[in-house]
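Participant: Sequences listed follow chains E and A, in order. With numbering that gives the first Met the number 0, you'll find the first sequence wraps up at 232, consecutive numbering, no jumps. With numbering that gives the first Met the number 0, you'll find the second sequence wraps up at 268, consecutive numbering, no jumps.
A few of these clues could be false.
As the list claims (entries may be wrong) - Listed below are the simulated DSS-like cross-link pairs for lysine-lysine, each with C-alpha atoms no more than 25 angstroms apart in a straight line:
{"no.": "1", "chain 1": "E", "residue 1": "23", "chain 2": "E", "residue 2": "57"}
{"no.": "2", "chain 1": "E", "residue 1": "57", "chain 2": "A", "residue 2": "156"}
{"no.": "3", "chain 1": "E", "residue 1": "144", "chain 2": "A", "residue 2": "156"}
{"no.": "4", "chain 1": "A", "residue 1": "259", "chain 2": "E", "residue 2": "144"}
{"no.": "5", "chain 1": "A", "residue 1": "156", "chain 2": "E", "residue 2": "111"}
{"no.": "6", "chain 1": "A", "residue 1": "156", "chain 2": "E", "residue 2": "100"}
{"no.": "7", "chain 1": "E", "residue 1": "144", "chain 2": "A", "residue 2": "155"}
{"no.": "8", "chain 1": "A", "residue 1": "156", "chain 2": "E", "residue 2": "60"}
{"no.": "9", "chain 1": "E", "residue 1": "111", "chain 2": "A", "residue 2": "155"}
{"no.": "10", "chain 1": "E", "residue 1": "23", "chain 2": "E", "residue 2": "8"}
{"no.": "11", "chain 1": "E", "residue 1": "194", "chain 2": "E", "residue 2": "100"}
{"no.": "12", "chain 1": "A", "residue 1": "155", "chain 2": "E", "residue 2": "57"}
Unchecked claim - If you want the footprint, here are the derived chain A segments under chain E, 3+ residues with CB under 8 angstroms:
{"no.": "13", "region": "148–157"}
{"no.": "14", "region": "202–213"}
Stated by the list, open to error - Restraint-style ranges between C-beta atoms, simulated for each label pair:
{"no.": "15", "chain 1": "E", "residue 1": "146", "chain 2": "A", "residue 2": "1", "range": "53 to 59 angstroms"}
{"no.": "16", "chain 1": "E", "residue 1": "26", "chain 2": "A", "residue 2": "131", "range": "56 to 62 angstroms"}
{"no.": "17", "chain 1": "A", "residue 1": "255", "chain 2": "E", "residue 2": "143", "range": "18 to 24 angstroms"}
{"no.": "18", "chain 1": "A", "residue 1": "211", "chain 2": "E", "residue 2": "182", "range": "30 to 36 angstroms"}
{"no.": "19", "chain 1": "A", "residue 1": "142", "chain 2": "E", "residue 2": "74", "range": "23 to 29 angstroms"}
{"no.": "20", "chain 1": "E", "residue 1": "120", "chain 2": "A", "residue 2": "253", "range": "46 to 52 angstroms"}
Hints listed in this document are in silico derivations from the structure and should not be mistaken for laboratory results. Ideal Cβ placement from N, Cα and C applies to all residues, glycine included.
Listed below are the residues making up each chain.
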Amino acid sequence: MGSLRIELKNVYVIYQDIERPALKKINLHVGENRLVVITGPNGSGKTTLLETCLGLLKPFKGLVKLLGIPTISRRIYVARRQCSYLPQNFMRSPYESYTVKQVIAMSLLSIKSSPSTLTPDDLCRIRTVVKLLGIENLLSEPIGKLSGGQQQRVFLARALVREPLVLFLDEPFSSIDPESREHITLLINEYTREKNATTLIVSHIINKELSRVADAVVTMSNGELVDVVGNLY
Amino acid sequence: MLEIIFISLVIGGLMLALLGYYISKLGLSTIAFSAAHAALAGAAISSILNSDPYTLPAILTLFLGLILGVILPRTSIEVLNNLSMMFFSLFNSIALIAIYLSNVVVLSTTRVGGLLWGSPLAVTIDRFVYIMILTCVFITYLMLTRSKLDAIVFDKKLAEAEGINVQFYSIVIITFMCIALVLMLEVIGGFLVFSLLYVPYIVSIIVTSRADIQLVIAGLFGAIITPLGAFLSLILDTPIGSTIALIVSLSAIIIYITKKIHGVLKNFI
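Chain E with its partners taken away, still in its complex shape (with noise of 0.2 angstroms):
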């Protein structure tokens, strides 16, 4: 077994009313080199479970650690400086104008000591992302004006460019068009092992690819964990 990533003990989470918690009882414990699938019809509390394991939702009973550090301790931000994150929202408005490769850049500048800029290597490592992910050719158009399936590849970029330990996709697969999610699988499969990662992944759509690739599918439902199948660790 290796080392623990992610470790929810007995989590309640609240956003107003204490009757209703948005999530319940939850118990999870994610290791290392693991894909974990996390599904359950709307409003089941799929991502309010990943916020939480990222610590922007703080537990209102439990424990929550992210790469040992407990969530609401103020060393969080040195565990999340080693994770990324694709958020559910991520459409801009057609008047964002940072370019593709600026949305890129960011999430590498903002992990480095300042005055920070972009080393050969980081361009390399840009270059490389948006390549597999077929984004190459849109590096210098403002990412307002790209359609959601390309904005989507483009956070995508930003999330695998960072390298890092955890990462946490929500909805990776909603604009992309069903023709490229299967290679998009095998990418983010192929950085899980390689880099010996941990991806958590909330879908409601389980592509064929996603199901044979994935080392552990969680169900959840009304803010609970119904069914785990697999292996977490």
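Model the placement of chain A on the given structure of chain E, informed by the hints.
Facilitator: Frame of chain E; chain A shown alone:
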């Protein structure tokens, strides 16, 4: 002395415009609004007490700015706006009562005039030095943290998820803003100083949609228009703060209309 006033207006205008860019992009506008009025209340009370023009305004504005900055991630924008407006009313009423009392009690007419309308006479050597130091520190800070600030401006939640302490960076910007407001308050006037925070930013987004150029345009606009407004106020014998705010706002409207006409003509031709 005129050179010092001119340089203070150029540098002060630049600093407020750069700060205003980040204040607006980070959604801290209502905090800036109430913090400006906390500084005004502090300056008005200082004039009654005949104390220095920096300490009390700085304490009040920093106290309010930092409290709202700490509350920021823990509440909704709606609650934050309501809180800011409540503090705006509170400090505005305190300021007006103190201004009324300062006229009666200490006859500090010149200073009260400075508080309300702004006055180039408020640019003393010590204020000039403070403005220069603050601007140098802020620009250095920007150079060191630009990439992190850009990531926050692009997407606060994503930046937080990627390990940037968004609250810390927001509070640092609020702190710079509070000190800048205190330093420029009696030069521009308490009721209009925040227009130098917002209008250059508005001009920058009218002129270009490119995020990397907007900051430069806002800074240049603030640095050019502020001394120009002051110069016109001398020629026209009008209050400096109101004249600067008027020139700044009119310029923004003219730039907007010009851009629209240009767009229409371009499509037509």
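Participant: If a hint holds in the structure, say so; if it does not, say that too.
Facilitator: Checked hints:
no., hint, verdict
1, E:23 to E:57, "holds, 13 angstroms"
2, E:57 to A:156, "holds, 14 angstroms"
3, E:144 to A:156, "holds, 22 angstroms"
4, A:259 to E:144, "holds, 21 angstroms"
5, A:156 to E:111, "holds, 19 angstroms"
6, A:156 to E:100, "holds, 20 angstroms"
7, E:144 to A:155, "holds, 21 angstroms"
8, A:156 to E:60, "holds, 23 angstroms"
9, E:111 to A:155, "holds, 18 angstroms"
10, E:23 to E:8, "holds, 11 angstroms"
11, E:194 to E:100, "holds, 23 angstroms"
12, A:155 to E:57, "holds, 17 angstroms"
13, 148–157, "holds (count 6)"
14, 202–213, "holds (count 5)"
15, E:146 to A:1: 53 to 59 angstroms, "holds, 57 angstroms"
16, E:26 to A:131: 56 to 62 angstroms, "holds, 58 angstroms"
17, A:255 to E:143: 18 to 24 angstroms, "holds, 21 angstroms"
18, A:211 to E:182: 30 to 36 angstroms, "holds, 32 angstroms"
19, A:142 to E:74: 23 to 29 angstroms, "holds, 27 angstroms"
20, E:120 to A:253: 46 to 52 angstroms, "holds, 48 angstroms"
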